[in-house]
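Just so you know, the protein sequences line up as chains C and H, in that order.
Residues in the first sequence are numbered from 0 upward in steps of one, following numbering that gives the first Met the number 0.
Residues in the second sequence are numbered from 0 upward in steps of one, following numbering that gives the first Met the number 0.
If you are wondering where the hints come from, they were derived from the structure by calculation, not from laboratory data.
None of these values were measured; they are calculated from a predicted model.
Among the clues, some could well be false.
[What the hints assert, rightly or not] Here are some chain C residues the structure puts well away from chain H; computed CB gaps all over 12 Å:
(1) W47
(2) I83
(3) K151
(4) N204
(5) F234
(6) T275
(7) T293
(8) I302
[What the hints assert, rightly or not] Straight-line alpha carbon distances no greater than 25 Å define the calculated DSS-like cross-link-like pairs of lysine-lysine that follow:
(9) H/K194 - C/K139
(10) C/K61 - H/K78
(11) H/K41 - H/K163
(12) C/K46 - H/K99
(13) H/K278 - C/K113
(14) H/K188 - H/K99
(15) H/K78 - C/K46
(16) H/K78 - H/K163
(17) C/K61 - H/K99
(18) H/K92 - H/K78
Where a beta carbon is used, it is the ideal one built from N, C-alpha and C, also for glycine.
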Amino acid sequence: MKFIKSGFTIIAASLLLLNCTKEEPLPPLDDISGLGGDTWVPTAIDKWIYDSLTKPYNISIKYKWELGEVDLNRTLVPPREEQIIPVLTAIKKVWIDTYLSEAGPLFLKNIAPKFFILVGSPAYNGDGSIKLGTAEGGRKVVLYDINNFRVKGMPGYNPNTDTAGVLEQFHTIQHEFAHILDQNVRVPIAFSSSSANSYTSDWLNVTDEDAKNNGFISPYGNSSRDEDWAEMVGFQLVSGRGYFDGYVNSIDPANVSETGITGAQAQQRLRSKEATVVQYFDQAWNIDFRQLQTKTRDAINSILY
Amino acid sequence: MKKYFLGLCGLVLLAVSSCRKVDDSSVFGQSPDQRINETLAKYQAQLSGAQYGWKGIVATNEGGNFTFYFSFNDSNRVKMLSSFDSVSATVLKESSFRLKALQQPSLLFDTYSYIHQLADPNPAVNGGEAGVGLGADFEYWFNGAESSADTIVLMGTINRTKTKLIRATQQERDDFLNGELAGGLAINKILNYYKRFVVNGTDSTDAFIFSRGSYIIRPDDNGNLLDDSRGVTYTLKLGGLEFSEPIVVGTKTISELSNVNYDVATNTITATGDGQPVKISGVVTPIKVDMAAPARWWNFAFDAGSYWITEQGFHINGVDDAHGLANIPGYFGFSIFWPQYGVSGGVNYDLLAPITPNAAGAAAIRFGAAYRPPVFSADGRVTFPLLGTLGTANIPASATGIFGNLRSQMAIPQGYYLVQIDDDEAAPAYHMVSAADGLAWVTWVY
Numbered sequence: 000m001k002f003i004k005s006g007f008t009i010i011a012a013s014l015l016l017l018n019c020t021k022e023e024p025l026p027p028l029d030d031i032s033g034l035g036g037d038t039w040v041p042t043a044i045d046k047w048i049y050d051s052l053t054k055p056y057n058i059s060i061k062y063k064w065e066l067g068e069v070d071l072n073r074t075l076v077p078p079r080e081e082q083i084i085p086v087l088t089a090i091k092k093v094w095i096d097t098y099l100s101e102a103g104p105l106f107l108k109n110i111a112p113k114f115f116i117l118v119g120s121p122a123y124n125g126d127g128s129i130k131l132g133t134a135e136g137g138r139k140v141v142l143y144d145i146n147n148f149r150v151k152g153m154p155g156y157n158p159n160t161d162t163a164g165v166l167e168q169f170h171t172i173q174h175e176f177a178h179i180l181d182q183n184v185r186v187p188i189a190f191s192s193s194s195a196n197s198y199t200s201d202w203l204n205v206t207d208e209d210a211k212n213n214g215f216i217s218p219y220g221n222s223s224r225d226e227d228w229a230e231m232v233g234f235q236l237v238s239g240r241g242y243f244d245g246y247v248n249s250i251d252p253a254n255v256s257e258t259g260i261t262g263a264q265a266q267q268r269l270r271s272k273e274a275t276v277v278q279y280f281d282q283a284w285n286i287d288f289r290q291l292q293t294k295t296r297d298a299i300n301s302i303l304y
Numbered sequence: 000m001k002k003y004f005l006g007l008c009g010l011v012l013l014a015v016s017s018c019r020k021v022d023d024s025s026v027f028g029q030s031p032d033q034r035i036n037e038t039l040a041k042y043q044a045q046l047s048g049a050q051y052g053w054k055g056i057v058a059t060n061e062g063g064n065f066t067f068y069f070s071f072n073d074s075n076r077v078k079m080l081s082s083f084d085s086v087s088a089t090v091l092k093e094s095s096f097r098l099k100a101l102q103q104p105s106l107l108f109d110t111y112s113y114i115h116q117l118a119d120p121n122p123a124v125n126g127g128e129a130g131v132g133l134g135a136d137f138e139y140w141f142n143g144a145e146s147s148a149d150t151i152v153l154m155g156t157i158n159r160t161k162t163k164l165i166r167a168t169q170q171e172r173d174d175f176l177n178g179e180l181a182g183g184l185a186i187n188k189i190l191n192y193y194k195r196f197v198v199n200g201t202d203s204t205d206a207f208i209f210s211r212g213s214y215i216i217r218p219d220d221n222g223n224l225l226d227d228s229r230g231v232t233y234t235l236k237l238g239g240l241e242f243s244e245p246i247v248v249g250t251k252t253i254s255e256l257s258n259v260n261y262d263v264a265t266n267t268i269t270a271t272g273d274g275q276p277v278k279i280s281g282v283v284t285p286i287k288v289d290m291a292a293p294a295r296w297w298n299f300a301f302d303a304g305s306y307w308i309t310e311q312g313f314h315i316n317g318v319d320d321a322h323g324l325a326n327i328p329g330y331f332g333f334s335i336f337w338p339q340y341g342v343s344g345g346v347n348y349d350l351l352a353p354i355t356p357n358a359a360g361a362a363a364i365r366f367g368a369a370y371r372p373p374v375f376s377a378d379g380r381v382t383f384p385l386l387g388t389l390g391t392a393n394i395p396a397s398a399t400g401i402f403g404n405l406r407s408q409m410a411i412p413q414g415y416y417l418v419q420i421d422d423d424e425a426a427p428a429y430h431m432v433s434a435a436d437g438l439a440w441v442t443w444v445y
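The shape of chain H in the complex, shown without the other chains (with noise of 0.2 Å):
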């Protein structure tokens, strides 16, 4: 009997305190959809009141970093320029944007532009991985606790790349319009594979420049590219570009250029760096040659019994696969140099062969330029005396021209410098620059 009471006096009690009016405010005073909605107002006003626009840092994962200009207005609407190419640094494109409210207050550029060209997936747009791109973003959300009045921070939603847009000043718009953003893309203009730095026309230096990455390498002490802490990256910004970190030129360092200038009688940069006047020059012959290079890597294949391997064959005057061996019909993607192939009259002949299907469709070897045994030279170059053609009837008709053009840039009479840019024991790479003009390399991967 007692029980049962004192659990009645509980329920009672429960009952009271449940009927207890609670105080329903919330912490922050309004529910969390007016809050949502006058944060992404917030942000609104903020991009389009910007009276000059935005200067973008835009980063990618596999080809660095971009400089842009974005212009937005209240209506989803935005302009930009972007550092990517000469076109797209000098000619306003509008596109749309809106504002979303996602896991995140979140910024979409919601049709193409220029920061789309970045994370395409198709590789003929930005030269990256097909299915890839070069690892972009144009889905971002805000990160508010790293942003303020004049600068808004951006992080990508798919590849978490982060974006950072700076309040640009009345000058910056102006120079952005006046299509200066094009400056640094001169450092493209010279298309030798060795460009040569000379500061105050005393200290030089060579580099070699990846076009994918904005990366410049220095050659090492052997003249190979295998030491990682001599290369940076470079951001085009507005008239020049900025290095990641100073670039070492002899006793001199360069951190940036400015008053970027390409001559094309002379095909000669000139530039100031740092303040102090900075030329930099297409060369054939680079400062340092790995004399040994040319003999260490044909033995490299030879003593294995194997052979090198290029995708995209000879790049040239800017080109990839200049010789267009992708348009051969059946192309495998790859092309081999195999030396000591066979015996031809007595000759141990070297060869070099697209990959084609033979009649059951496989990868094969249908035909080929051979090469009599190389000729290694004391100055570091090494030439490859043309024997003949193998196969010649196997010849598709369309690719006689793609193969005839490439039997006889690998056998001109200059021959060609190597340069080691992979010293993996088991998998070596290599670049093989044409020592008749510097113009022409092919890579080589094993």
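Here chain C stands alone, though its shape is the one from the complex (with noise of 0.2 Å):
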């Protein structure tokens, strides 16, 4: 028993050798097709997405098709090509500039989304509303209806028409944005603590006057705590103090919603949220948000009017 223990042993060290004798040299790397991303032939408009967005702040834009970018539930379609640059400079000047005056070149490249990803028109709803902009974990940012974006000096322009939609796809930077910012350092729960029991997920038949009296700044923004900060970020932000300030007063603080809030409560509430969006974005960020409102709003106007 011993002699054959032995024996198994040797030839099994054996087997090990015979295994290990060939080292057979890896196969050459082939040029995976595809891999470290997709090219193409730069052209100008490449050269000046690198020069002003890409090099400065860490932001790439996509605005080529990429299916795997967008919800592939949905029928989207690219952005014209002649829309890219107008459309970026309109959203630097109005969203990085103001960042950039008020907190620095080192804030934006950190805290910034790293992605924007351009879609030509807008994500249609089942419900038949319409989306302009989604972001994703802080990084990535997919702003839709590129095709008709339109400001002053873009041809075709309307001050009548376009307006709307212009201040809407700001609106949804600023708001997007803010869910950023809310994701890197939370807001405080006293933000919503006054409005806690009114968050409705219905807030599609939540009209503008329901949401005004309930103490929201938009229906959306009634829909849960998330969407009210960012919300109440950015309609300060594009619609500015002035529109704040009326929209407030605007509430009879005699009335009483259906939800049994009264006008009183709805102005307190909003009131208070905005007192902590300024004090957040002081001792979060150590930025002044009453200068941020002004600049934010004087480069609307600049390129609208």
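Put the complex together from the two separate chains, hints included.
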């Protein structure tokens, strides 16, 4: 028995040796198609994006169609090439340059979303509404309806019909960026405590008037704490302080909403949320919100009127 | 003991055989990456190598086929023309494309151009359903099995449409660049409900063209549009258009039209159809009128105590929703015609009303135009004598003009012909066509 055992050991060792005798060289590395991202012959648009956004702020823009970057369930189309630079210039002026002057380049390089995906058409929801923007994980923002974005100086610009869409697009960016700020430094619970019992997922059936009388800046803000935050920041920056004050003051304090909120309560809700926004920007990011608000509004006026 | 020994022998054998040199050269001789790169390069060379570009037949699921012209280069740029409208047919547009190894070697038209007009989910672009468009593709995989040196077959990845590229000749390239793709668009110049086709000056038929889907249908023996077998689709091509199957005009058939010319003064198109002279003109009174249709239409809703619905109101002179009902504040997207809605001054009146919100925001009849009982004439027309306006105080100030135009259009003294377009027992549908000029009509659905 003992003899056999040692024989087994010897044979097993020789098996290992046999297995190890040959060493094959690795096959030559192939040129794997698409490894490292798609390539194409760069155009003036690509150069502009690299020089104006990618190099200074770590922001990359994807404007060429890539199915994997968007919602597979929706019919969408890529943007018109002639829209890319004017749209990005306007965005840079209203969003990047204003934050830059208030918070400095390091803030933007760190916090700004790293990918913008541009889509030509709006994204239609099943219920008939349309989506103009989405943000994911603080890194990626998808902007829709780029083909209908027109500001002063672009062919066919009509201030009577085009400003609403452009304002909405800026609102989308500020709204999404507010989400990203929140995802990096959480907004204090005090923001939503006064409104907490009025949030409803059925926001599509909330009218503008209902939202106002319940103390929300918009029906969408009425949907949840996160959206309330993003809408509060978005509306205050894009529509300005005058608009916000007018909005709050237009509520009749004696009014009682369908859900039992008095006008005075609604006003108090909006004012308390407004104060939290200002406080949060100062404490979390060392940004003077009032100055940012003024500069954003000025930038918008300069490109629209 | 013996068992151990056998087992050991087996192990040794295994070890020896596992070390045998295996021929690892692949069945194809090259690695998958080498092959995919080679295939993409081959297609790129084929696309940009066509000296005179490519003629494309681009299919959609909802809007028929469109003819394109493509000219690809080797630096991701493509110029194209399309039969979509008079601009796309005559002005070359440049955009980008790239070849990419997706599940299959694929061709992506990756910035917006004419091909995306078909897929655009915005109804303002192509008249398709919101969020759907015409069901078209702009990202395709190469169907190598069906392709050859002069033909490339592309399969859409999302809507699974099939597009065919055919190597263009020098003549075709010149014709495309001379704007001849716009020739067939003349078919849309005649804005009358009925187009009368006359072949050789003797044989004639009426036809109605559905603006969406490039669908053209001849009335049946009763004057209605209920017989699908009388419908064909058409595709615009260089200098004219071709039908999906020959269209019957009396004793003649025509499968295509060429040399298409529109004369504004006479509102007439002249063309050559399969070698015969073809004249197409707008007509007001069709060859065959369904005399019973107006009463059948009116009684259907009356008997049910219910109403007919129109979403867009009147189409006039080629414009959908010509009165702008969509601009009425709060418009719910439809208007109704309700036979014998109420009684006023002893008159049982019919009501035509855009639907708008009431104080609670719900859909309601807040105002409308009231008509005396309809008059059915012996020649198959119906007229709606105006009685008055219901709920005048509820008409939004910005909508008074819109509503006023709608109210008087309905009351035109010449009245309307009714053409049944759906004979579903529970949900029939009709076109109500102006007998004054044939330029205005409304679609009623139940």
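Comparing the hints with the structure gives:
Its beta-carbon lying about 14 Å from the closest one in chain H, C/W47 satisfies the requirement of being farther than 12 Å from that chain. With a least CB separation of 8 Å from chain H, C/I83 falls inside the 12 Å interface cut-off, contrary to its annotation. Here C/K151 stays apart from chain H, with its beta-carbon at least about 22 Å from theirs, past the 12 Å limit. Non-interface call for C/N204 relative to chain H: violated, since the shortest CB-CB distance, roughly 9 Å, does not exceed 12 Å.
In this structure C/F234 is separated from chain H by more than 12 Å, as the shortest Cβ-Cβ distance comes to about 23 Å. Distance check on C/T275: its Cβ is at least 32 Å (rounded) from any Cβ of chain H, clearing the 12 Å threshold; non-interface status holds. The beta carbon of C/T293 is kept farther than 12 Å from every beta carbon of chain H, the shortest such distance being approximately 34 Å. Here C/I302 stays apart from chain H, with its beta-carbon at least about 23 Å from theirs, past the 12 Å limit.
At most 25 Å may separate the alpha-carbon atoms for a hinted pair to count; H/K194 and C/K139 exceed this at roughly 53 Å. Distance check on the hinted pair: C/K61 and H/K78 sit about 22 Å apart at the alpha-carbon level, within 25 Å; holds. Simply put, H/K41 and H/K163 have alpha-carbon atoms about 18 Å apart, close enough for the 25 Å limit, and the pair holds. Using a Cα cut-off of 25 Å, the hinted pair C/K46 and H/K99 holds, with the two alpha carbons roughly 22 Å apart.
Between H/K278 and C/K113 the CA atoms are separated by roughly 61 Å; this puts the pair beyond 25 Å, and the hint is violated. Of the pairs offered as hints, the one joining H/K188 and H/K99 is violated, with about 41 Å between alpha carbons and a cut-off of 25 Å exceeded. Between H/K78 and C/K46, the direct Cα distance comes to roughly 22 Å. Compliance with the 25 Å bound is thereby established for this hinted pair. Between H/K78 and H/K163 the CA atoms are separated by roughly 17 Å; this keeps the pair inside 25 Å, and the hint holds.
Restraint check for C/K61 and H/K99: the C-alpha separation of about 16 Å stays at or below 25 Å, so the hint holds. Simply put, H/K92 and H/K78 have alpha-carbon atoms about 5 Å apart, close enough for the 25 Å limit, and the pair holds.
Checked against the numbered hints listed earlier, the structure breaks hints 2, 4, 9, 13, 14; every other hint is satisfied.
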